[in-house]
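All chains, full assembly: derive it from the sequences and hints.
Chains as they are written, first to last, in this note's numbering: chain S, 1 to 490; chain A, 1 to 94.
Be aware that a few hints might be false.
[Unchecked claim] What follows is a set of in silico ranges between Cβ atoms, one per label pair, in the way DEER data are often shown:
#1 A:D37 to S:M150: 51 to 59 Å
#2 A:S40 to S:P489: 28 to 36 Å
#3 A:A52 to S:D158: 48 to 56 Å
#4 S:D378 to A:A52: 52 to 60 Å
#5 S:R439 to A:L35: 17 to 25 Å
#6 S:M150 to A:P8: 25 to 33 Å
I should point out that these hints are in silico values taken from the structure, not numbers from a laboratory. Think of the CB as a built atom: it goes at the ideal place given N, C-alpha and C, for glycine as much as any other residue.
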Amino acid sequence: MENTPTPITAPAGAAGAAPDEDSVVAVVSLYQKQKKIYARGVTGLFATWRWSLVWLTQILFYGLPWLMWNDRQAVLFDLVSRRFYIFGLVLYPQDLIYLSALLMISAYALFLFTAVAGRLWCGYACPQTVYTEIFMWFERKIEGDRAQRMKLDEGPWDLNKTWRKSAKQVVWILFGLVTGFTFVGYFTPIRTLLSEALSLGFGPWEWFWVLFYSFATYGNAGFMREQVCKYMCPYARFQSAMFDKDTLIISYDAERGEPRGSRSRKADPAKVGLGSCVDCGLCVQVCPTGIDIRKGLQYECIGCAACIDVCDGIMDKMGYPRGLVRYATQNGLAQHFDKQQMIRRILRPRVMVYVAILLLICGLFVASVVTRNPFRVDVVRDRASLARVVDDGQVENVYRLQIMNNAERAQHYTVKVSGLPGIAVSLTSDIVVGPAEARWVTLNARIPFESAQKAGNGAHPVHFSIERVASPDNPQAVTIEEKSTFIVPR
Amino acid sequence: MNTTPERPPLASRVLCVLWPSFLMAGVLEMLVFSLVDPGSLQWFGGVPVEWAPQAVYTVAFLVFWLVVSTAGALTQVLTTLPDEPETLPRRPSL
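Right under this line is the structure:
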């Protein structure tokens, strides 16, 4: 029974099947039988690139939480105390705008890469690809390459199969657990987490997230693999909107390759009436999504370039020029562009627009991070105690100030208020706020009786100016103005 | 001949609901908790919620996920027209 979902080429027979067969479909489709893909190992230029990126991204991912900065974890998204630490930067929930800017930068960078060279992200950097690559490497080391794995799966559950299959599971699960642990280490200080892990003393929520993320890694990279890209990934569906005929994609040069067919290594293809494709089928065997690149651009293609590597190897063996499968644009193939002509077309309006937007957002982002105030203030009028008249006829309002120190050292602050004649705050000493801390301070502002009379009843705008006092490591004093109101009661 | 496109299998339809809603629950979590401090929550505006912040974050995330997936599941149901009587799956003959 044809049961694999192939939306592009749906089997014609399936829809018109007999009712009895339909009912079988309805029963078995719950546990969809996927044809297991046995991707063959591959070496070559692009495989090297892919592995370099696996190393790079994984060293970053596993290493970053262990880096220290000013006696604290360099990168920590501390959800409990609601602070994000990224090296020298301390972010408060109020800084959500930076996170949104980062997301926008990532999105436009993705658009740009896609417009230029297709699914570079999918093929080289997406965690789904990277972890699948790692898990498949374990699988190859333990169960052997494609043919051995197929044989093993077909064979009986003997000792050899049992230990290989269990060893693979153990390694996968361990790797998943380390990944889950590291992931949680971005949100809980990882050194604390490690000492908890060694004594199995995680809190319930840490257990939950470590296991959840481990399981997600294990399931996605060990079992779901290409199906995540095919059925679950939204980007895979909308990336075609960024494509055009000048986008570099992995293409089979059909003009050169066809008619395909096997031949002796010594035979001259022109004489036997064949193209360069020897129809060895290796491009299909190495494909992690199990497609045949010779059928043209397909939505399943994640752009990993494994078929380029393996085909180049065959071309070398046959003594043919490389590049039967290569990065090429649709226009380039159709109009026989050389490399230079294809590259020149990269700078087309669509790409320029993406670059311009990207540069603009990056510029704004960097500028706003650099010119960011070293502290932040909220002024709230105390709702509990409204305006009141105190002993000597002065009118008093109570305010609560929250000072958030973005710096890594304790800082001193002074507060002044202006806007009404004779207005002053009762603050005898500087306010001290610890490193990366936020502190609420209650303070009273008073105006003399005459001033209150002159101003009249009601709310009057006042300005608080909060100054960070200059210190040896911050010689520049910084002032922030905050608006509020002063109420004169009847 | 039946011209309606074949429905994808249940497993992939379930994943199609769960995965995007997982992403959106993450977005919602970020938006909500950048504005709301889990330490300042109150049950129905009265008694303070005395949960650990991690508990609030986790439970909120799961609730967001559940609610967003319900929306996705409803969309799935609404975009699928009811089957014609004769194409209803029959019991396999025993």
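Comparing the hints with the structure gives:
Here the CB-CB span from D37 of chain A to M150 of chain S is close to 56 Å, well matched to the stated 51 to 59 Å. Distance hint check: the CB atoms of S40 of chain A and P489 of chain S are about 30 Å apart, consistent with the given range 28 to 36 Å. For A52 of chain A and D158 of chain S, the hinted distance range of 48 to 56 Å is satisfied, since their beta carbons lie about 50 Å from each other. Against the hinted window of 52 to 60 Å, the Cβ-Cβ separation of D378 of chain S and A52 of chain A comes to about 26 Å, which falls outside the hint.
Checked against the given bound of 17 to 25 Å, the beta carbons of R439 of chain S and L35 of chain A, roughly 21 Å apart, stay inside it. Range check, M150 of chain S to P8 of chain A: Cβ separation about 27 Å, and the 25 to 33 Å hint holds.
Figure legend: structure checked against the earlier numbered hints; the only hint not met is number 4.
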